[in-house]
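Engineer: Based on the provided sequences and hints, a complete structural model is requested.
Protein chains: 2
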Amino acid sequence: MAQTRQIKLGLSCRYLGYHVAAWRHPDVPSGGALSLQHFLKVARKAEAEKIDMIFFADSVGVREDDLPPGSAARSMKNAELEPTTLLSAIAACTQSIGLVATASTSYNEPFNVARRYASLDHISGGRAGWNVVTSWSEQEAWNFGRDQHFDYDTRYAMADEFVDVVAGLWDSWEPDAFLRDKQSGLFYDPEKLHILNHQGRFYRVRGPLNSARTPQGRPIIVQAGGSEPGRDLGARAADVIYSSAHSIEKAQAYYADMKARVAAYGRDPSELLIMPGVTFYVGETMERAKAKQDLLQQLIEPQVGLSILYHHFGDLRDYDIDGPLPEPKHAKVKSLADSLYQMAQENNLTIRDVYLTVAAGNSGWTIVGTPESIVDELQSWSEKNAADGFNICPATLPNGMEDVAEFILPELRARGMFRTEYEGPTLRENLGLALPELGDIVSRHGRKVVSL
Amino acid sequence: MAQTRQIKLGLSCRYLGYHVAAWRHPDVPSGGALSLQHFLKVARKAEAEKIDMIFFADSVGVREDDLPPGSAARSMKNAELEPTTLLSAIAACTQSIGLVATASTSYNEPFNVARRYASLDHISGGRAGWNVVTSWSEQEAWNFGRDQHFDYDTRYAMADEFVDVVAGLWDSWEPDAFLRDKQSGLFYDPEKLHILNHQGRFYRVRGPLNSARTPQGRPIIVQAGGSEPGRDLGARAADVIYSSAHSIEKAQAYYADMKARVAAYGRDPSELLIMPGVTFYVGETMERAKAKQDLLQQLIEPQVGLSILYHHFGDLRDYDIDGPLPEPKHAKVKSLADSLYQMAQENNLTIRDVYLTVAAGNSGWTIVGTPESIVDELQSWSEKNAADGFNICPATLPNGMEDVAEFILPELRARGMFRTEYEGPTLRENLGLALPELGDIVSRHGRKVVSL
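Line order of the protein sequences matches chains R and C.
Going by our numbering, the first residue of the first sequence is number 5, and it counts up by one from there.
Going by our numbering, the first residue of the second sequence is number 5, and it counts up by one from there.
Don't take every hint at face value.
[Unchecked claim] If the Cβ cut is set under 8 Å, some of the chain R residues that face chain C in the computed set are:
1) Y111
2) E350
3) N351
[Stated by the list, open to error] Selected chain R positions facing chain C (Cβ under 7 Å, derived; list incomplete):
4) R28
5) R78
6) E86
7) T88
8) W146
9) R184
10) G189
11) L190
12) P194
13) R208
14) N214
15) S215
16) A216
17) S343
18) Y345
Calculated from the structure, these hints are not laboratory results.
Glycine residues also receive a C-beta, built at the ideal position from the N, C-alpha and C atoms.
Structural biologist: Rendered as structure tokens:
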């Protein structure tokens, strides 16, 4: 009998879960987004359950403060811990779980990013991952001396070069460069030091990085781009893709496209793991699962509901909330706005329907069901080449992780789909990825990034 | 009887101690600069001994890689952990000790610095400090798209504005802004949110910061400037000064000058703590203390000795090592080079003498002695208005901290000069500083930074 295909699992931990009303749930600590103890509780539970990695999305600004009056102050998305500092603290209190933090290529310097993630990889003993994003809101641009965010092409061109610089800096020192020979007085072997000397369109960075090569060789690179340049960057440089798909057909198409792109870059398709985001509402029975979702949906006030759609469709307060959704307007993330509009058209949804749907899963794939029915879907996606694993986006935390442990994992394990022990101490080992050689990330121009 | 004046104590922890040959010492773990466990050992010992704070100097590049051939590879100053990530990890494993990390105003964005230190303050429950530096090496400039470092006036003008922006961002939210009222659905009170809207010569930053006001109100600001603009910035905005002085007379003059400057900014002079750096070699007898120093001095090869002077005096390999020191040339930190040259002139020192002297204490104040003789000096500095406390720069770690615990602290406590228990859980409380109001840091132009 063929062995069941194993899946990888990540847990997205931002704020207090992915439901817009998560903070109002009776079991959720409403101040948790600023509490190390809250996230430690989640991380320890996830580690006890052998989840591959916890993940933090991020923004460098309060994106919600341009919402219509009354809505902004009802949002929990305004105060949080910075993810690399938070994950360093969690690293010190855990042993095996992967730690993936987001950093923007638009509003950081590549040297600082290379350094902070290398540091996190050393501190955690090889569990760091960098989720590469380009940011999307004007609110972020305003915090960095700009009137407007970079246009799409520019910011992706920047990201492309930024990743090359970071990867090149991570290759500054060979694994055995540091001799630290007390007898001879030689601290390192100068033959094993490589100066990057990068001079590109956006960045000039000499190097070397003031860090040794990290326990994972280099931190894992995670990316989420669905657009053409985003897919290209992911196929070229990423180890993991957090994708977004609402149907198995779309997920399969994305999966096939990405694996083909990876191969076109001369990489083995298994070197890139595709992990769609998914939100569960799970219970022993369908009724109980539905009740969990309903409890949260009822906590959404109409003005908060409209605010969910604000960045995609503008101010909808003058529309009939139970009428049809208008076309996207000034959308911040066009692909997302288009897919919401398409969903509304195809299913004849009202404005209220749409915001409730988005709220239920933060516009990602959402499943309401029993452990069996949910794992049936996951297994189907896994076996039909739609996913190598899943990035779980719980509606609420910490109880969302408890639901995963109580309902989802036992069923996955009963079918032989998920580990009972970690494969190793590093994220790379648990993801089944090989230790990279220097220069493993090949730039768009085909040359090795590192100047050996 | 008048109460003995209490002192504050910091511990500088960078690399493996401040002696250039520290890593070759038999009791020093030569790979410790990349090891969380090494620094945790030091931090836990320091906390057990009620030290106010541990401190990490920093650079954003390998400054040593322009040294003459053969010297660079003999330096330990090339690979280290990034201080905010390291201190976040230490925060998770300690309860009371202060955590001060360096970040450069020349090679960071103020929003990112404000955010990371606010995050560290939340994570640590109010123990974060930011040591403000402007950087000084070309090696750092080269990692950030520049051919040369910013000139002195420009980088201090940048630092001045940068600190205002960071302080203003830290004032984004009033202490009770976050209601998180599950019943009403109101997450925060919009009246208690303040948008900075900073538009200056170097920075345009709107805000708000995506963090709540921190446990200390805002993190502690530390600064070390000895120059005119450095002193002015420190007097205006710092809570603690890490000063550098080789004699009590110079320390007294600096202390008096800084306290007067603080008063001129309308602050109470007690709001700024002056803490000179000091390196001890201590033993039960003077002979044992001297033997500790000699052991390290003998581990300095001549080429490493000359490399210590390289950034101040250029390449000295063609000079007689036992002849006189030439005048400073292309000095990176002019004030330091001048003071070394003056020291050599006044004491008739050879090149070898100077590098050995610098090596003994990393060019700071160095005392070799018994517990009694050392604490006599500290007490004298404290009582004669030369210091509010001291920033201990141990020659080696972790054993330098063990020496402090075994020899220095018992003597300080016997004289009633140092605490036996922490005053509170925050660094601010232990330093005896009040919780600040919003807008407590007054900008150079007299106005409050925050736009209330």
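Engineer: Hint by hint, say whether it matches the structure.
Structural biologist: Going through the hints against the structure:
no.: 1; hint: Y111; in the structure: holds (7 Å)
no.: 2; hint: E350; in the structure: violated (32 Å)
no.: 3; hint: N351; in the structure: violated (28 Å)
no.: 4; hint: R28; in the structure: holds (5 Å)
no.: 5; hint: R78; in the structure: holds (5 Å)
no.: 6; hint: E86; in the structure: holds (4 Å)
no.: 7; hint: T88; in the structure: holds (6 Å)
no.: 8; hint: W146; in the structure: holds (4 Å)
no.: 9; hint: R184; in the structure: holds (4 Å)
no.: 10; hint: G189; in the structure: holds (5 Å)
no.: 11; hint: L190; in the structure: holds (6 Å)
no.: 12; hint: P194; in the structure: holds (5 Å)
no.: 13; hint: R208; in the structure: holds (4 Å)
no.: 14; hint: N214; in the structure: holds (5 Å)
no.: 15; hint: S215; in the structure: holds (5 Å)
no.: 16; hint: A216; in the structure: holds (5 Å)
no.: 17; hint: S343; in the structure: violated (27 Å)
no.: 18; hint: Y345; in the structure: violated (28 Å)
Comparing the model with each numbered hint stated earlier shows that hints 2, 3, 17 and 18 do not hold.
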